[in-house]
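Q: Line by line, the protein sequences are chains S, F, V and B.
Mind the numbering: the first sequence is residues 0 to 204 in numbering that gives the first Met the number 0, read in order.
Mind the numbering: the second sequence is residues 0 to 204 in numbering that gives the first Met the number 0, read in order.
Mind the numbering: the third sequence is residues 0 to 204 in numbering that gives the first Met the number 0, read in order.
Mind the numbering: the fourth sequence is residues 0 to 204 in numbering that gives the first Met the number 0, read in order.
In short, the hints are calculated from the structure, not lab data.
Keep in mind that this is a model prediction, so the values were computed, not measured.
Don't take each hint at face value.
Said to hold, decoys possible - With a straight-line Cα cutoff of 25 Å, these simulated BS3-like cross-link-like pairs (lysine-lysine) come out:
#1 V:Lys195 with B:Lys203
#2 B:Lys143 with V:Lys188
#3 F:Lys57 with F:Lys145
#4 V:Lys57 with V:Lys127
#5 V:Lys188 with V:Lys203
#6 F:Lys203 with S:Lys188
4 protein chains.
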Amino acid sequence: MASREERKEKITRFRHEQILAAALDVFSRLGYDRATVPDVAREAGVAVGTIYNYYPGKRDLLVAITDEYVIHPFTHLISESRTADDFSYITGLLENRLTFGLEGVNRFLPLLSEAQRDPELRRSYAEKVVRPVMDIMGRYATSKMKEGTFRDIDPSIVTRAIGGMVIGFMLLYRIEGEESPVHKTDRKKLATEMAKLILDGIRKV
Amino acid sequence: MASREERKEKITRFRHEQILAAALDVFSRLGYDRATVPDVAREAGVAVGTIYNYYPGKRDLLVAITDEYVIHPFTHLISESRTADDFSYITGLLENRLTFGLEGVNRFLPLLSEAQRDPELRRSYAEKVVRPVMDIMGRYATSKMKEGTFRDIDPSIVTRAIGGMVIGFMLLYRIEGEESPVHKTDRKKLATEMAKLILDGIRKV
Amino acid sequence: MASREERKEKITRFRHEQILAAALDVFSRLGYDRATVPDVAREAGVAVGTIYNYYPGKRDLLVAITDEYVIHPFTHLISESRTADDFSYITGLLENRLTFGLEGVNRFLPLLSEAQRDPELRRSYAEKVVRPVMDIMGRYATSKMKEGTFRDIDPSIVTRAIGGMVIGFMLLYRIEGEESPVHKTDRKKLATEMAKLILDGIRKV
Amino acid sequence: MASREERKEKITRFRHEQILAAALDVFSRLGYDRATVPDVAREAGVAVGTIYNYYPGKRDLLVAITDEYVIHPFTHLISESRTADDFSYITGLLENRLTFGLEGVNRFLPLLSEAQRDPELRRSYAEKVVRPVMDIMGRYATSKMKEGTFRDIDPSIVTRAIGGMVIGFMLLYRIEGEESPVHKTDRKKLATEMAKLILDGIRKV
DNA sequence: CATGAATGAGACTTCATTCAT
DNA sequence: AATGAATGAAGTCTCATTCAT
């Protein structure tokens with residue numbers, strides 16, 4: 000049974016999440032600089048002062064968002080990653096990433112922009128997200144090359160090219176908006192086509 | 000010989016460029032929101048008031064930068080594009096884009112971030128930059144497919160995947176910074192490896 | 000034996016004192032304006048809300064401090080004062096005041112500063128502290144003059160000059176801090192020298 | 000003839016003074032903490048932003064006030080001080096100080112209070128005001144003692160006692176306000192009586 | 001035209017006070 | 001009676017823009 004202490008902590012945790020979710024929403028929509036703390040408060044349905052009871056300042060919201068919604072999920076993802084052994088793995092992963100990404104593109108790309116400006120945030124992304132993901136992909140590629148399944152290409156480059164492709168695709172998707180010819184294409188098809196490109200390139204043998 | 004009128008117009012044009020270059024510099028370094036008009040004035044070596052004699056407001060600087068430094072070059076580029084007929088074309092173009100891009104990544108990626116937030120800017124990018132470039136690439140790809148040189152892949156997707164790859168690669172490059180394993184790799188090699196990936200994929204035949 | 004009622008009242012009184020002592024401490028250290036109610040609560044070891052169960056507001060703490068720690072002791076002091084008849088009386092009193100004052104200078108001078116700003120507090124000090132003390136000293140001086148022991152000087156002025164000397168000395172002591180040449184002089188000596196000055200002046204006869 | 004440069008600098012200096020005078024006025028009246036920057040702006044007849052064009056922040060106003068209205072005059076005063084040789088000197092000085100002080104008591108005592116709370120300000124007062132003044136007085140007293148005119152009293156103590164007397168007298172004057180019996184006494188009389196006290200004490204020989 | 005001092009709306013943040021538990 | 005999370009008014013400071021010189 001929940002003691003008073005436990006109940007209180009639960010509420011505290013809930014408030015943290017509630018405010019952070021609101022901050023993510025508002026920062027994504029308006030950008031960190033244009034978003035105001037009252038905006039976040041309104042979105043969270045609390046008073047301005049309440050935000051400051053849970054986070055020391057506006058910038059801490061940004062850092063917490065990064066930790067909670069980017070670093071944390073990726074850390075999780077990475078710890079679960081194991082080398083798959085069939086080609087459908089790539090398609091599946093791509094589909095998964097794309098579906099997730101295109102859904103969340105309006106939420107997460109703005110954060111990436113912010114990261115470009117805040118040195119501390121940039122480092123976090125580099126160390127906690129980009130590097131580990133590239134390392135996993137690189138190890139996978141290397142093993143495949145040794146095994147003779149993959150062509151011999153510099154793993155550091157190819158992983159960044161493929162990772163970049165996913166991100167860049169989403170970025171263009173976001174910039175083109177509803178007018179993009181791929182806007183209504185279903186994710187499975189997008190993933191399949193991109194996987195084909197990655198696996199076999201555009202040139203006919 | 001330059002009449003007084005012409006001289007005057009020349010000076011006017013020079014001031015416009017002087018201020019715009021300063022604005023590009025400052026906006027890239029600090030981001031549009033954090034950059035202040037006095038910052039731009041200082042960089043341009045003019046008084047704050049002078050800026051307002053040439054541009055109606057801060058936001059107009061951003062729009063003008065986009066026109067002058069992104070839309071305009073791309074329009075030019077596009078008007079010159081003609082379908083090349085050998086594969087080295089892709090490598091060359093990639094190398095060109097990458098060299099240009101990785102050099103300018105610190106200048107232009109921030110603008111792209113801004114574009115995500117400003118609806119009018121986003122439209123400009125979509126209509127004047129992304130769409131035309133994708134169309135050109137698409138036409139090239141389609142002709143190659145008809146010709147039987149390229150595999151049959153959805154052109155809208157493949158062009159956005161490849162275009163995205165270039166942008167995404169630069170974004171990762173910027174986020175990873177000097178710690179990136181590809182930070183010191185020379186551009187020719189980067190371009191070659193990426194071209195290999197695009198043309199033939201990672202899978203051994 | 001203590002009935003429940005009595006016990007309750009005892010606790011109530013204790014809480015009042017506990018909070019007031021904390022407030023005195025915090026107000027002295029930070030100044031009334033910079034001290035926060037949570038500061039006082041922390042110092043008192045109670046919750047913020049508890050303070051409001053005992054005092055209506057922050058300012059009431061200041062008033063209560065003044066009553067409890069300044070007016071009350073002085074009222075007491077004054078009621079006990081009787082005209083002493085030998086000169087050592089002055090030295091003794093001075094030593095007593097100085098010892099008390101220099102010890103408490105960090106606690107009470109800040110309150111005096113506050114009093115300068117708050118009209119109601121100023122009146123309290125004027126009516127309940129300054130005036131009565133000056134009256135007692137004045138009556139003492141007058142009787143000594145009549146008796147022929149003291150020179151003929153305006154009692155209102157001389158009492159305020161001497162009282163002011165004690166306060167002003169402490170103020171300088173506090174401002175000069177540890178670098179003051181009198182910082183380590185013992186109180187007896189300070190009192191003796193000041194008494195000599197008051198009684199016989201600096202001029203040799 | 001004033002060039003444009005000179006004129007501009009003159010205006011700048013004037014604005015500095017105008018704002019500083021307003022700040023002195025407002026800080027004295029309300030105390031540093033309760034005074035708001037808009038208060039100062041209103042008093043100075045300028046916009047809030049203008050204040051920040053001349054002083055980096057609120058606290059800098061306080062520091063500048065101290066420099067301009069306390070340290071600077073005292074430095075001046077001290078550099079002019081020379082040992083006088085007749086007793087009327089003390090009366091004259093006292094009268095001068097008192098007249099100045101009682102007039103300015105509402106302006107300067109509040110600053111002294113502030114100095115108690117701000118460590119940096121306290122040091123300034125100690126080093127730049129209190130110490131030099133005490134040194135001058137001390138040297139004067141010592142020479143008089145050597146000369147045989149003054150009784151043998153510890154100079155550090157006696158100077159601080161007399162200096163404190165002046166300050167403390169003003170403080171009481173301010174606290175008692177209009178109800179003080181000395182409130183309407185003319186300054187000459189106050190100075191004379193205090194000089195008598197200082198020179199010959201209260202005890203009849 | 002160029003200048004830059006003046007402006008004031010609006011941002012972030014603090015904290016006295018309340019009140020449901 | 002005690003608690004401390006929630007509140008929002010109010011403070012400090014920034015900066016896009018204007019306009020007299």
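Q: Compare the structure with each hint and give your call.
A: Now the hints, each set against the structure:
no.: 1; hint: V:Lys195 with B:Lys203; in the structure: 13 Å, holds
no.: 2; hint: B:Lys143 with V:Lys188; in the structure: 22 Å, holds
no.: 3; hint: F:Lys57 with F:Lys145; in the structure: 49 Å, violated
no.: 4; hint: V:Lys57 with V:Lys127; in the structure: 22 Å, holds
no.: 5; hint: V:Lys188 with V:Lys203; in the structure: 20 Å, holds
no.: 6; hint: F:Lys203 with S:Lys188; in the structure: 23 Å, holds
Comparing the model with each numbered hint stated earlier shows that hint 3 is the single one that does not hold.
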